[in-house]
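Each protein sequence line maps, in turn, to chains A and B.
Numbering that gives the first Met the number 0 puts the first sequence at residues 0 to 469.
Numbering that gives the first Met the number 0 puts the second sequence at residues 0 to 517.
It should be emphasised that the hints constitute simulated quantities derived from the structure, not laboratory data.
As the structure is a prediction and not an experimental result, all values here were calculated from the model.
Be a bit skeptical, because a hint or two may be false.
[To be verified] Stretch by stretch, here's where chain B covers chain A in the computed footprint (C-beta under 8 Å, at least three residues): (1) 7 to 14; (2) 187 to 200; (3) 204 to 216; (4) 243 to 256; (5) 299 to 311; (6) 370 to 376; (7) 409 to 423.
The beta carbon of each residue, even a glycine, is placed where N, CA and C say it ideally should be.
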Amino acid sequence: MAREKPFIHPYIPNSVPEVTEEMLKEVGVTDIETLYEEIPEKLRLRRKLNLPEPLLSEYELKKYVKSILLKNKTCEENLNFLGGGCWQHYVPAVCDEINQRSEFLTAYTGSPYANLGKFQAWFEFQSQMGELVGMEVVSVPTYSWGAAAGNAIRMASRITGRNEVLIPRTIDPARLSTIKNFCQQQDTAGHIDIKQVGYNPETGLLNITELESKISSKTAAVYIENPSFLGFIEPQGAKISEMAHARGALSIVGVDPISLGVLAPPAEYGADIVVGTAQSLGIHMNCGGGSIGFIATRDEEKYVAEHPSLLISITDTVEEGEYGFYLCKSERTSYDLRDKGKDWVGTAVGLWAITAAVYMALMGPKGFKEIGQTIIQKSHYAIKLLSEVKGVKALFQQNVFKEFVVNFDAIGKSVSDINKALLKYNIFGGYDISKEFPELGNSALYCVTEIHSQEDIQKLANALREVLAG
Amino acid sequence: MKKNVKLRKFHAPVWSEPVIMEMGNKGERGIIMPEVEEEIQAAIGDAESYIPEEMRRKEEPALPEISQPQLLRHYEHLSEQTVGMEENIDISQGTCTMKYSPKVNEMLARMPQMTEIHPYQDEDTIQGCLEIMYQLDLFLREISGLDKFTFQPCGGSQAAYTNVCIIAAYHASRGELAQRNEIITTIFSHPCNAATANTAGFKVITLMPEENGRPSLEALKAVCSEHTAGLMITNPEDTGIYNPQIREFVDTVHTAGGLCCYDQANANGILGITRAKEAGFDGCFFNLHKTFSSPHGSMGPGCGAYGCTEELAKFLPYPVVTFDGTKYHLEYGRPDSIGKASEFIGNIPSVLKAYGWIMSMGAEGLLKVAQISTLNNHYLDKMLMQIPGIVKYYDTGKRRIEQVRYSWEKMEKETGCGTEDVRRRMVDYGLQQYFTSHHPWVVPEPFTPEPCETYSKEDCEYWAAVMAQISKEAYTDRKILKKAPHNSTIHKLNYETFDDPQKWAMTWRAFLRKKGGK
Numbered sequence: 000m001a002r003e004k005p006f007i008h009p010y011i012p013n014s015v016p017e018v019t020e021e022m023l024k025e026v027g028v029t030d031i032e033t034l035y036e037e038i039p040e041k042l043r044l045r046r047k048l049n050l051p052e053p054l055l056s057e058y059e060l061k062k063y064v065k066s067i068l069l070k071n072k073t074c075e076e077n078l079n080f081l082g083g084g085c086w087q088h089y090v091p092a093v094c095d096e097i098n099q100r101s102e103f104l105t106a107y108t109g110s111p112y113a114n115l116g117k118f119q120a121w122f123e124f125q126s127q128m129g130e131l132v133g134m135e136v137v138s139v140p141t142y143s144w145g146a147a148a149g150n151a152i153r154m155a156s157r158i159t160g161r162n163e164v165l166i167p168r169t170i171d172p173a174r175l176s177t178i179k180n181f182c183q184q185q186d187t188a189g190h191i192d193i194k195q196v197g198y199n200p201e202t203g204l205l206n207i208t209e210l211e212s213k214i215s216s217k218t219a220a221v222y223i224e225n226p227s228f229l230g231f232i233e234p235q236g237a238k239i240s241e242m243a244h245a246r247g248a249l250s251i252v253g254v255d256p257i258s259l260g261v262l263a264p265p266a267e268y269g270a271d272i273v274v275g276t277a278q279s280l281g282i283h284m285n286c287g288g289g290s291i292g293f294i295a296t297r298d299e300e301k302y303v304a305e306h307p308s309l310l311i312s313i314t315d316t317v318e319e320g321e322y323g324f325y326l327c328k329s330e331r332t333s334y335d336l337r338d339k340g341k342d343w344v345g346t347a348v349g350l351w352a353i354t355a356a357v358y359m360a361l362m363g364p365k366g367f368k369e370i371g372q373t374i375i376q377k378s379h380y381a382i383k384l385l386s387e388v389k390g391v392k393a394l395f396q397q398n399v400f401k402e403f404v405v406n407f408d409a410i411g412k413s414v415s416d417i418n419k420a421l422l423k424y425n426i427f428g429g430y431d432i433s434k435e436f437p438e439l440g441n442s443a444l445y446c447v448t449e450i451h452s453q454e455d456i457q458k459l460a461n462a463l464r465e466v467l468a469g
Numbered sequence: 000m001k002k003n004v005k006l007r008k009f010h011a012p013v014w015s016e017p018v019i020m021e022m023g024n025k026g027e028r029g030i031i032m033p034e035v036e037e038e039i040q041a042a043i044g045d046a047e048s049y050i051p052e053e054m055r056r057k058e059e060p061a062l063p064e065i066s067q068p069q070l071l072r073h074y075e076h077l078s079e080q081t082v083g084m085e086e087n088i089d090i091s092q093g094t095c096t097m098k099y100s101p102k103v104n105e106m107l108a109r110m111p112q113m114t115e116i117h118p119y120q121d122e123d124t125i126q127g128c129l130e131i132m133y134q135l136d137l138f139l140r141e142i143s144g145l146d147k148f149t150f151q152p153c154g155g156s157q158a159a160y161t162n163v164c165i166i167a168a169y170h171a172s173r174g175e176l177a178q179r180n181e182i183i184t185t186i187f188s189h190p191c192n193a194a195t196a197n198t199a200g201f202k203v204i205t206l207m208p209e210e211n212g213r214p215s216l217e218a219l220k221a222v223c224s225e226h227t228a229g230l231m232i233t234n235p236e237d238t239g240i241y242n243p244q245i246r247e248f249v250d251t252v253h254t255a256g257g258l259c260c261y262d263q264a265n266a267n268g269i270l271g272i273t274r275a276k277e278a279g280f281d282g283c284f285f286n287l288h289k290t291f292s293s294p295h296g297s298m299g300p301g302c303g304a305y306g307c308t309e310e311l312a313k314f315l316p317y318p319v320v321t322f323d324g325t326k327y328h329l330e331y332g333r334p335d336s337i338g339k340a341s342e343f344i345g346n347i348p349s350v351l352k353a354y355g356w357i358m359s360m361g362a363e364g365l366l367k368v369a370q371i372s373t374l375n376n377h378y379l380d381k382m383l384m385q386i387p388g389i390v391k392y393y394d395t396g397k398r399r400i401e402q403v404r405y406s407w408e409k410m411e412k413e414t415g416c417g418t419e420d421v422r423r424r425m426v427d428y429g430l431q432q433y434f435t436s437h438h439p440w441v442v443p444e445p446f447t448p449e450p451c452e453t454y455s456k457e458d459c460e461y462w463a464a465v466m467a468q469i470s471k472e473a474y475t476d477r478k479i480l481k482k483a484p485h486n487s488t489i490h491k492l493n494y495e496t497f498d499d500p501q502k503w504a505m506t507w508r509a510f511l512r513k514k515g516g517k
């Protein structure tokens with residue numbers, strides 16, 4: 000539809016024709032086109048972009064976009080048991096209140112003066128995460144757990160001068176794929192070879208004999224996770240770290256920090272680098288957009304020098320008793336050194352770091368302990384109830400934290416069929432791992448957190464009973 | 000064009016805020032989470048019994064114990080001590096396109112239909128997300144002329160890395176990766192291009208500018224060979240200079256057998272004006288948190304939307320969104336894919352916000368954005384060039400696009416006050432510190448304002464007036480600059496800490512240890 004009126008947009012003050020004219024006059028041109036005289040004609044797009052007509056009224060825009068979003072079915076209206084690295088935990092109102100503050104939402108790189116609050120909040124993220132994992136250095140977080148693990152493996156490779164890493168077979172395949180991209184293609188300088196270590200088929204725990212046979216003087220690091228992707232707690236951390244250290248390799252441990260009120264901090268069982276996500280700490284799932292990864296190390300120069308991300312240090316100012324916060328050894332980074340920097344750094348998840356800082360402070364030591372206990376009890380209750388359903392078997396279920404593998408081999412129905420059927424009960428069943436872990440048969444990864452009530456768990460068991468019988 | 004601008008009085012909030020780690024009292028609680036039901040407790044027993052002995056936490060983490068109102072006040076004070084784009088005339092952070100992030104899109108992104116969605120939900124239950132992803136893909140195809148986009152990279156640098164992984168996969172698929180081990184970039188392209196190429200195992204060749212601010216075609220030809228894997232280049236570069244020979248650059252690299260990627264993180268000045276396709280590129284990326292209005296979020300979460308030609312599309316990270324005419328799908332079975340750029344399907348709230356912004360703009364709006372950004376830049380330039388001490392490098396009389404890299408070199412020589420001094424002083428006038436330049440400082444004493452379409456004529460005049468005032472101060476009483484800031488949240492930092500292992504402290508526990516001299 001042709002518009003008679005000039006195109007004046009509420010987001011563009013100088014779109015008012017009189018203002019545009021006045022400014023053009025000031026810069027000494029009559030036609031705005033003149034400003035583009037440097038762009039050769041052959042590269043000019045001499046047609047209108049083929050895009051939908053603009054929805055200039057905010058009401059119409061909101062109504063239209065909302066109508067699309069309403070096609071989504073949420074984990075609020077449905078009962079959700081999906082996890083696998085993105086989990087449904089309760090997000091305290093204060094977390095949302097703070098991350099919606101316009102100052103945090105719209106700040107960017109900024110200065111230690113005009114952005115004091117942002118830098119201090121980052122330092123508070125680092126400080127609290129340091130307490131949880133037992134490390135003195137934590138960096139400003141990166142995109143995701145996989146990115147953090149990828150960076151950590153590269154750090155280990157540089158520190159040891161070695162190009163091989165050992166990773167459990169039980170790792171999340173999506174995370175492993177992310178890590179692979181950090182380890183580069185074969186045939187490139189600096190390619191890091193990933194070797195996977197199998198597990199005990201009864202318990203899921205890392206096969207120590209196999210580790211022993213694969214670890215060597217080429218090994219840069221041994222990477223393990225706690226809790227593992229498949230849910231169980233890996234108690235052999237101290238032994239694994241010891242084996243790594245004996246061969247001159249580093250020990251890297253990936254964690255879900257919401258477990259650390261009840262689980263031992265990885266530094267205690269020998270980790271040299273700790274990585275993980277903080278999505279569980281006050282950040283909505285956001286269809287995966289709540290991802291965040293962190294990296295923690297000891298406060299030793301050789302580690303600090305290899306961190307690719309920003310590190311915020313506390314300092315003093317010319318005014319007695321005043322704190323300031325800014326970048327420690329920023330000349331390590333690719334912002335300063337380009338291709339000579341440590342990997343690369345960029346805009347990642349600053350707002351989520353602030354959100355997780357708020358969450359950790361809200362929870363405190365008691366909150367973390369309680370939530371850890373609650374999650375363990377509810378998960379094991381779910382295992383108990385589901386195990387009573389005919390045809391359902393929980394695997395590696397002895398020591399799980401919040402996720403566990405549910406096997407349906409006895410029934411002869413695929414996970415995808417079962418999940419389709421559960422949808423009719425308004426239940427999102429567990430994540431289908433049958434393709435990626437064929438050795439575990441027809442299995443799904445179920446996740447239970449503090450938000451699942453006893454009734455919710457009973458509802459799942461009842462629905463499964465009906466679905467599997469049907 | 001001297002403007003009569005009256006500078007406002009300003010003082011930043013000073014709260015002398017303690018660190019959260021030293022706040023509260025033992026026993027205070029910030030939040031209570033659901034407790035386990037009695038029946039569960041009875042059926043399951045204590046949680047401890049499910050944790051192997053050696054994995055039990057023995058000492059509580061030394062986290063703060065603080066009540067909710069006090070905690071909220073603390074973080075609200077910290078936010079008050081942060082100047083966001085919304086709180087100031089953020090022309091300062093050039094190359095970053097600090098544009099307005101519309102509130103309506105924020106409200107939409109806060110709907111549970113976005114926040115309470117799990118990425119592994121059945122396709123049927125996330126049709127809204129997939130539709131928005133697919134539609135934005137179509138929009139960006141039109142805006143760039145390329146054939147397929149992914150939103151999996153969650154930032155511009157991650158998009159650059161995705162691109163270099165695709166370059167590697169392409170050459171590997173032709174058996175030429177071992178031979179093609181060089182990536183070419185330019186010094187005024189964003190450092191992520193050089194850094195990601197190095198991380199992926201390539202040798203990086205960086206072209207330097209000639210007198211006119213641009214690298215020459217001859218210099219490019221001299222480094223192209225059978226070792227060339229690709230070109231990763233920003234245009235317009237950080238200087239605001241548009242390379243009119245860009246097509247010839249691309250053709251040269253293609254002739255040598257390399258691929259070309261356009262860093263369009265900031266494409267704000269050229270939307271609807273010129274595209275990656277006509278310049279011959281194989282890939283490009285847009286930062287949704289720059290050009291397409293998704294908020295910068297204190298350094299993310301953002302999104303680096305990466306697009307490529309049909310020929311390279313098979314290498315894109317999986318899954319990709321497809322549409323069969325009635326339903327949207329996530330397509331996984333892609334044997335040539337580089338795998339995952341990140342674990343899930345990208346930062347979908349950012350995709351939503353960019354989608355909402357384009358829907359409010361249309362073709363006419365995008366063109367207007369480009370034109371007004373470029374006009375604002377020329378308008379600001381007129382004013383800045385009248386200020387004593389400011390010079391413009393590579394000033395050949397040619398027009399810049401959306402930004403200019405200026406220099407205080409002259410003022411620094413004449414007064415001893417350089418760009419870092421100006422930077423600290425400008426916060427006293429309520430402005431965010433400006434972006435100088437990435438390193439190395441090829442332009443000495445640099446600064447790079449970017450007055451995108453968000454900023455009014457008066458905003459531009461005010462920003463220039465602050466620069467004029469600071470220049471005046473430098474020439475009359477340099478102490479003002481040297482001791483700045485004066486009206487900010489805190490005073491001048493002790494910068495020595497940051498390079499001293501005995502003093503730096505990235506956590507409170509390290510700070511306490513070092514302060515205690517342990």
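How about the segment 7 to 14 of chain A: do at least three of its residues have a C-beta closer than 8 Å to a C-beta of chain B? holds (count 6)
At least three residues with a C-beta closer than 8 Å to a C-beta of chain B: is that true for the segment 409 to 423 of chain A? holds (count 3)
Tell me if chain B covers the segment 299 to 311 of chain A under the three-residue, 8 Å CB rule, please? holds (count 4)
Would you say the segment 370 to 376 of chain A counts as covered by chain B, given the rule of at least 3 residues with C-beta under 8 Å? holds (count 6)
Assertion that chain B covers the segment 204 to 216 of chain A - criterion: three or more residues, beta-carbon distance below 8 Å: It is violated, with 0 qualifying residues against the three required.
For the segment 187 to 200 of chain A, count the residues whose Cβ lies under 8 Å from any Cβ of chain B; is that count three or more? holds (count 4)
Per the coverage rule (Cβ-Cβ under 8 Å, at least three residues), is the segment 243 to 256 of chain A covered by chain B? As far as the segment 243 to 256 of chain A goes, the hint is violated, because 0 residues have Cβ atoms under 8 Å from chain B.
Hint compliance for this structure: hints 3 and 4 are broken, all remaining hints hold.
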